[in-house]
Amino acid sequence: MSSHLKSNVIPPSRQREKPRAGMTWIGQSMKRVEDPRILVGKGGYVDDVVVPGMAHAAMVSSPHAHARIVSIDTSKAKNLPGVIGVYTGADLATVVDPCPSFASPPVTQHAMCMDKTRHVGEVVAAVVAEDRYIAEDAAALVEVEYEILTANVDIEASLEATGDAVLHPDDRESNRALDESFSFGSVEDDFAGADKVIKRRLRWNRSSAQAIETCGVVAEYDAFKGGYTIHANTNFYNFIPFVIGGSLRVSPGELRLIPVLTGGSFGSKVFIHKIIILTAGLARLSGVPVKYIEDRLEHFTNSDSHGSDRLYDCELAVMNDGTFKSMRFTVLDDYGAYLQFGVGTHGNAMAQVTGPYRIESFAMRVIAVLTNKCQQGPYRGFGSEVTNWVMERMADAAAEELDRDPVDLREQNMIQPDEFPYMITTGNIYDSGNFQEVLAQAKTLFDLEGWKRKAAAARADGRCVGVGVATCMERSVYGPTEWWFLNKKEEPGFTLTSTPEGISARFDPSGKLFVTLNSCMVGTSPETVVTQVLAERLTVAPEDIVFNYADSQTGFNGVGPQGSRFTAMVTGACVTASIRLEEKLKRFGAHMLQRRPEDVELRGGMVAVKDGLEDQAKSFAEIALMSSFFRLSFPDEEAFDSGLETTAVYDHPISAEPHPDREHLGIFYPIVGHICHITAVEVDPETGKVEILDYAAVHDNGTIVNPRTLGGQVWGGTANGIGTTLTEHFIYDEDGQFTNPNFAEFALPSAHEMPKNLKLGHVETPSPYTEYGIKGGGEGGRLGAPSALTTAIEDALREKGVKISALPVTPPVLRGLIRNADAAAAAAD
Amino acid sequence: MKPAPFDYHRPEDLQSALSLLGTHTDASIIAGGQSLVPMMNYRLAQPEHLIDINRLSELDYIREDGDQITIGALARHDAIHASELIAEHMPLISHAYEWIAHKAVRNRGTLCGNLCHADPASEMPAIIQVLEATLILARNGSSREVPAKEFFVGTYDTVCEEDEMLVELRIPKPTAGTGWGFEEVSMRKGDFAWAAVVCLLRVENGRLDDVRVAVSGAAEIALRLPDLEVALAGQAPSSDIFENAATKAVDALAPVGSATVSADYKRDLVRALLPRVLSAATARAS
Amino acid sequence: MNTTAIELEVNGRKHSANVPPRKLLSDFIRQDLALPGTHVGCEHGVCGACTILMDGKAVRACLMFAVQADGASLTTVEGLSKAEELHPIQHAFWEEHGLQCGFCTPGMLAAAHELLSENTDPTDEEIREAISGNLCRCTGYEYIIDAIRTAAKKLRVTQASDASQNA
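Chains A, B and C, in that order, give the protein sequences. So in the working numbering, the last one in the first sequence is 1232, and the numbering has no gaps at all. So in the working numbering, the last one in the second sequence is 329, and the numbering has no gaps at all. So in the working numbering, the last one in the third sequence is 211, and the numbering has no gaps at all.
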């Protein structure tokens, strides 16, 4: 181990439930508990919320990327019948403060523009009216005079901007929001000693999650009765509502955030604080409950959830024998007009930046660039989807320059199964893994050798068929230090270190187990996971478990579904709750059976005498009834106080703080899965169209709770990755106009674009740190598909010498690369 | 994203519809609404009057009329797609529908409405041009016939006047033995075409005859390629001939690019698809 | 504001209403009829979340005005299940994990319903084509296709047993 890691000590495991074979519920493809109500249209999404007297908001959106607001005339709009109020940024500022920012120092963002608009779609004024139709009529009548400023569109050019082109002159002197450098291990020496340095410039362009449901809010304000009551499809309703309360100038006691079923997030709805603050402010100003649901155009242009947009200059130091020695890069990231989470997406990438390979040193310079686009937010991968692709591109580049088989070269550099827990050079650990087994299974599942022969034969026939293999990491169960450890050491901002998840559970007198969750449902399976774990641990029947969701005032610690954390974290809370409930059940049950608690066990929904006769058992229902209603049947001790209930919080299973001088970053994303995606594609060189001929994915997400729902995550993520690679691209013109913010031109893959013969495999290497050895698996598809597809396309076009250094490769882009390659070849002839 | 207000009219017969059209300025006809309503939702279209012709069952037909097929203004894409009459006489149309939108849109949208919308990236404007269809435009008290090649005048623009309505499409049955070809490239199957190339031709005594080729997506309107057609007529079909013809045809094109799809790319697509379409049509000709 | 009187049947129940002509059918169903199962995803006719059945045919509710549904018989997702039982297609989606967030699901069910009413034994390619106008961001479609294949089988079994009982 390199000396810079000496101070990074791995804490002991807190695992209580060991992984084991033959479990009853964990490991079963149980049908989801959540589904029946959703299948009949009664899921309860935010737009389904109706409150008495509710009015509707519509926004006046900026048509310009960068402009000073000279004047706003709302008089015509206010006079339209049915309009309750028309409000500007100045009006809103009388009741709300700027949005929370985790950047340090903050970049000021108002929920509605004050003096300037900084991207197309930013809200300039808002109308509250009897219905959305009238609100939109009125919005069209608001007259805004703009003085257009220079729009910053290009990531590199924006760094040089001066004068009026600087986005936030009050917060930053330039559009360079952050510029920090980090080095881990002996990077200089390793590069100096390398036989070869592989260099690539790699570009990952902007897209976003675009869940089929947009973001929305229903907000009420009553100064005399509880303050704000807000329904919103934020995922963060129970963890940091107080920061929203801060912007709304109320205490958490005057802010009740109520969760709703969320129509897809993929990270994009983690926070959505801006429209919560905006809608709540409008409710307070207008004096009526207000509903605001983004329309699709607003979701594209103003939802603060654009994905990564990066330019890498990357170097990989290698030896002639193929050994990877060190890696370093400079990355520019176009964050858009604001910086809500700082450079957390780069912090995230530090969890697995060196991939599954032994790379002993690493250095990075990260530059956050502000431009006149909607700001970034989380999107499935949270930045690691890009570094996975960069790492795999560099591995392919090394194979090419060393004339090695790309899969063999990967295997040569992989961490070995006996090296876990393995501390990578940034300080994060990989808890467990068997990368070789994953690769071997994927090769077999895909018939890699067979496909290589088929592809070669097809290429010999003049067709462009290729195969791509990606071996990537899928970090899970995040720790929040990633949000701030890349900030300036002297002013890191809010140095959060907690990411708890909790449940409360109680047996009602009938014996039903009522469970309250503190995190919302976004398409994940929170109720199903909890059902499987509690059924396993307590032997309670799944149909006897009943769910509800706490709001921000009745609930407690719950961070929610993000960073592939929920399954592992809520399982920890379930184990804690189970231990406590088991103790209570045994105490009461043993008393009823006239035995000692140590002589009884949980079995089939009963407290039963160990090795006892069948009639020497009491069902949970009998015990619950007695413990609830028959106090005098039990000893007069506190331990026998009425009822069987508990609350349980589970903190991150294993994390450690970053080094004060950032010699390492500590342990922050240690529950690490491994994935191998292999695909075969055919490119039509004349049109640039890519057809996916075959696809296999093998994932190791530790102990699997539910194979079918994990499979759903894998293929859903893979579909996202296919879109990111082949079809989805936000395109801006030189004035900063977003040219394709609609579903006709920003092309989410349809059923036709998905491969027709997906093959899914699993390896189960349990985590030594989480309960039952579970790892998260919510992001893997998007963390692997872009790399495998890129490699396969490049392989298909190898005779033409086409190199892919930017995503996406939409058909027009790919055809352009082929055209250029053909022209270069013709010129050379 | 909600439409602006409008006055709604729902005539029960064609005569009433034409009267309304003659009476009101700034009126739009709505049949399927699959192109119009999105534009209204975005407020890119804000007609003061909407004349709903969905009650005009007299216009809901696909008929054989001697040596032509007639299609009424209310015939839905899906009905035409499923029509045995069309499949028998104009398999090009049946096949092309595999590439046009999706079932729910085809269930509601009409062919005549699609033509009046005149989206340059839509497939059918090219198809009716190679089929040399005639469009019947009616106004209160009169009607006129317009050949397909004269109907489209610009992006979203046709010769149909404000008080006129496309009531019927008349398509002559292609001569027996006519071969057809259709190729399209779009981002996703069912999307509007980045480029679509369609062709009808016959092979007489080993020579190409009556070659008709049209392109969608590559210019401001869907257009025929007359120079290419003339150049190919009388030639013995071969891949070399097709390749050369395609190269020349593309040189003469001036595609209109956009932020997402460059003119160069569109030119590449037409260049790529032309020989494929010509080969396919030749193979189907007998 | 001008309104137009309409009468229509939704999920077997007759409704009369006066609606502004510009009111989208999707909004009418959700707001006036209080049937929130019809979801609105894009309002420009691409995502398919608002797909319902009109006289048995799948249509985009966001691309129709409510006035145009006068006299029609509509089925929304709320009308698929009978009494306390899921429709066989819904049940197949449950069994096969054909939904995650569920937002696209009502539209998917409508598309699947239309397909299976016209084709009792579709190929996977036919299933793909039938749902290709319905975007799903969660599933990658794989298990939706499984679900529709399973639903077709269930419906064939039901039909066969109905037929044998009637014989």
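Simulated from the structure, these hints should not be mistaken for lab results. Please note: incorrect hints may appear among the correct ones.
Said to hold, decoys possible - Computed cross-link-like contacts, SDA-like style, restricted to lysine to any residue with a CA-CA straight-line distance of at most 25 Å:
(1) Lys1092(A) <-> Arg314(B)
(2) Lys1092(A) <-> Arg245(B)
(3) Lys232(B) <-> Glu763(A)
Stated by the list, open to error - Pulled from the structure, derived: some chain C residues nowhere near chain B, Cβ distances all over 12 Å:
(4) Thr48
(5) Glu53
(6) Lys67
(7) Asp71
(8) Leu77
(9) Glu87
(10) Ser117
(11) Glu122
(12) Glu129
(13) His135
(14) Trp138
(15) Glu139
(16) Thr167
(17) Ser176
(18) Asn178
(19) Lys197
Heads up, the beta-carbon is just placed ideally off N, CA and C, and yes, glycines get one too.
Going down the list of hints, with the structure as the test:
| no. | hint | verdict |
| --- | --- | --- |
| 1 | Lys1092(A) <-> Arg314(B) | 15 Å, holds |
| 2 | Lys1092(A) <-> Arg245(B) | 30 Å, violated |
| 3 | Lys232(B) <-> Glu763(A) | 47 Å, violated |
| 4 | Thr48 | 6 Å, violated |
| 5 | Glu53 | 17 Å, holds |
| 6 | Lys67 | 9 Å, violated |
| 7 | Asp71 | 8 Å, violated |
| 8 | Leu77 | 18 Å, holds |
| 9 | Glu87 | 5 Å, violated |
| 10 | Ser117 | 15 Å, holds |
| 11 | Glu122 | 19 Å, holds |
| 12 | Glu129 | 26 Å, holds |
| 13 | His135 | 23 Å, holds |
| 14 | Trp138 | 23 Å, holds |
| 15 | Glu139 | 25 Å, holds |
| 16 | Thr167 | 14 Å, holds |
| 17 | Ser176 | 6 Å, violated |
| 18 | Asn178 | 8 Å, violated |
| 19 | Lys197 | 21 Å, holds |
Hint violations for this structure: numbers 2, 3, 4, 6, 7, 9, 17, 18, all remaining hints satisfied.
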